[in-house]
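2 protein chains.
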Amino acid sequence: MSESTFNTLSTWVEVPKNSDFTIYNLPFGVFKNKRLSPRTGIAIGDKIVDLSILDQEGFFSDLFLPEGIFLNDSLNELISLGKVQTKKIRERVQDLLLADNEKLRDHSVRGKVMVNRKEAEMLLPVKIGDYTDFYSSMEHATNVGKMFRDPENALLPNWKHLPVGYHGRASSIIPSGVPVYRPKGQFKTPDMETPGFGPSKKMDFELELAFITGKPTKLGDSISTADAEDYIFGFTLFNDWSARDIQAWEYVPLGPFLGKSFASSMSPWVVTLEALEYFRVEGPVQEPQVLPYLSCEKAHSFDINLEVYIQPDGKKSSKVCQSNFKNMYWNVAQQLAHHTVNGCNINVGDLMASGTISGETPDSFGSMLELSWNGKNPIKLEPEVERTFLEDNDTVIMKGFAEKDGIRVGFGEVRSQLLPAK
Amino acid sequence: MSESTFNTLSTWVEVPKNSDFTIYNLPFGVFKNKRLSPRTGIAIGDKIVDLSILDQEGFFSDLFLPEGIFLNDSLNELISLGKVQTKKIRERVQDLLLADNEKLRDHSVRGKVMVNRKEAEMLLPVKIGDYTDFYSSMEHATNVGKMFRDPENALLPNWKHLPVGYHGRASSIIPSGVPVYRPKGQFKTPDMETPGFGPSKKMDFELELAFITGKPTKLGDSISTADAEDYIFGFTLFNDWSARDIQAWEYVPLGPFLGKSFASSMSPWVVTLEALEYFRVEGPVQEPQVLPYLSCEKAHSFDINLEVYIQPDGKKSSKVCQSNFKNMYWNVAQQLAHHTVNGCNINVGDLMASGTISGETPDSFGSMLELSWNGKNPIKLEPEVERTFLEDNDTVIMKGFAEKDGIRVGFGEVRSQLLPAK
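Residue numbers (my numbering), protein chains in the order written: chain A, 2 to 423; chain B, 2 to 423.
Treat the hints as calculated values from the structure; they're not laboratory data.
Just so it is clear, the structure is predicted and the values come from calculations on it, not from any experiment.
Accuracy of the hints is not assured; some may be wrong.
Because identical chains cannot be distinguished in the list, a pair is counted as satisfied if it fits within a single copy or across any two copies.
Below are the DSBU-like pairs computed for lysine-lysine, each with C-alpha atoms no more than 35 Å apart in a straight line [to be verified]:
{"hint": "1", "residue 1": "K104", "residue 2": "K320"}
{"hint": "2", "residue 1": "K216", "residue 2": "K35"}
{"hint": "3", "residue 1": "K84", "residue 2": "K381"}
{"hint": "4", "residue 1": "K104", "residue 2": "K35"}
{"hint": "5", "residue 1": "K316", "residue 2": "K18"}
{"hint": "6", "residue 1": "K219", "residue 2": "K320"}
{"hint": "7", "residue 1": "K113", "residue 2": "K377"}
Isolated chain A, as found in the complex (with noise of 0.2 Å):
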């Protein structure tokens, strides 16, 4: 799609006004309801377009695709085509859902193509391989440094220099709807002279952005930051959920552990990294100067909108950030290319997570932590509601979206409830 075409497109799908599934998203998924199993879909408006019917009645008969590739659980088989491949499948979808094009519109098979979103279940959209998160946020490295290190050296050392990161686990990566259990561990405040045990009192959340790999390569070999958007098949959002309590007293020397591990929720919907070339922008000028393996020829930033609410257990939902992925000091080209300059291989379905996006003002503090600065400042949600960290049984939700000349490219939202502790 070229920047002028955007405004002309128009689809026989009815879209809701700011909806984050326009004809200019068509973002992939994986869902199920009561009839059908598992399949791929792309959202447009409040309705998925089922694939899988796409394809039996010949609509890609053209691309030569494999038997059955849109009745996977996930969409690793899929994504393992190749950008060449989805891309045009992609396409076609649009171009069958543009206004002026019957094919799809005036056919009988029509009503089974489209499926209300409301009475699909979501799945996670792919099986993940690897799991890594970076800290990519300058924001956020110094408001954590400053509350835990050194309020004058907040920054460490190597920050600038490289996109931190640490591995994360897999296994606890959940899909939006799927309510997470307070965790228990061990946890030691300066007042106490030994670690107790029990259901963490610092629940927190962690707004990020992550991306999933598109194509593998082998142990040994780099990717570019030239070539890095070639390995990303597009984006989701992320809620790191943190036990503030729990890290703090495990994490040195190896990093964060248990105080992560419990669960970890994305949204279904996978953006694709064509749909947010409009939304292309600059990153933040690094100084000093990155060594010439982090180097970047064009801009890896994208201009999108975030925010998160908390909705207490049968109270209204309040706003309590409200940030951007542009703030990302190092952008997703380098954070690959940092990831595999030592030979790391990756796979396709790896998960990639930029860390907590805070941007500089209060309000777009993106997590807890920050936000209620480690619980001395507690956050009002409504008139008699505040809070410090997560309490029992309240609903995190996270949404995202890229919009400009009216022209909006969405998430949706990943939300999850907080049960206690089983």
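On the provided structure of chain A, position chain B as indicated by the hints.
What follows is chain B alone, placed relative to chain A:
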């Protein structure tokens, strides 16, 4: 096998003296060769028992195994059958190999079932889901603390309260025999003003043992120390390759990342927990007392001799380390109980490694970092050959075996050559 039966087992297979693969061991692995597609085998002496042929010939017919269970390229599906079944399979093979059992010994298919180990290529035995690396040797943690932090307070405050661990990279775990490229990356020594980039100058091995999980849990559930061994299928040797200069610069505050993720090597034969039963020993006394969820009713340590050899290109190999798995402060039941106490779920085929296994004496240190004390004390290999860290084309060989009362159960070896940077 009860203790009393040990000395009475003899087999019709010729087992060389000091073979790791005795009638008492019978580890599982996946192999192929020029004629044969990947399949499950059990090692004995210099042979591999091809379980797929035994199955075809009806030797397991009373066990009602899924069709083709031994014709996979990993053990995951087999392990997923559960311990009751995998124990029966191993015991059936043991029975068939007994000296006075003529069923296989005198059967016409015997030649086809017994494959020469020398002619087989061993594959990675499991498709690894998540990989966790612990840090459970007190001597190793103390040595590292002395070198890099505070010699007076080498062990960090949390170390004796919980088995410190971190998530590692699963994609780059490779089987014995596959060479490893020296990784490139960033490093910054105290004399450097800004970080440099290039091939690591401090290449190291880490002597570890890893266990493979054999039973899944649900997200939110925990495993008690009493139940933990039900979730452990077996063990392999594990070389957790480390680039010390890359690691030193990157690891604060989120832990090791590229200094480790370029490769880890594992031995191909999975020694079952049952085969190690005879070598069970009490672990070290834990003082201070651990929290209740980490306390154990019975012994979970194993007396397993471990050795590391370095073989410079075209030269003889020299033993540089002799350690023992019983040196570990934290045992496998505690590792698994801790890992899941927050509700983190495990899957069949997760890999959990011990961390470097160092003993008290300098010749028992499990890494070059410790053996050469970060390069200060070169290790003599031959009269004119010494090492502080690994050099290009060095081969690292790790061996492991348990031995008592003339009974030997061993792991074979993990052997890998370090190639120059790509």
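Right, here's what the structure says about each hint:
1. K104 / K320: For K104 and K320, neither the intra-copy (43 Å) nor the inter-copy (73 Å) Cα distance is at most 35 Å.
2. K216 / K35: both (33 Å within a copy, 30 Å between copies)
3. K84 / K381: Neither. Shortest intra-copy (45 Å) and inter-copy (53 Å) distances fail the 35 Å Cα cut-off.
4. K104 / K35: within (28 Å within a copy, 52 Å between copies)
5. K316 / K18: within (26 Å within a copy, 74 Å between copies)
6. K219 / K320: For K219 and K320, the Cα distance is within 35 Å only across copies (32 Å; inside one copy 44 Å).
7. K113 / K377: neither (54 Å within a copy, 72 Å between copies)
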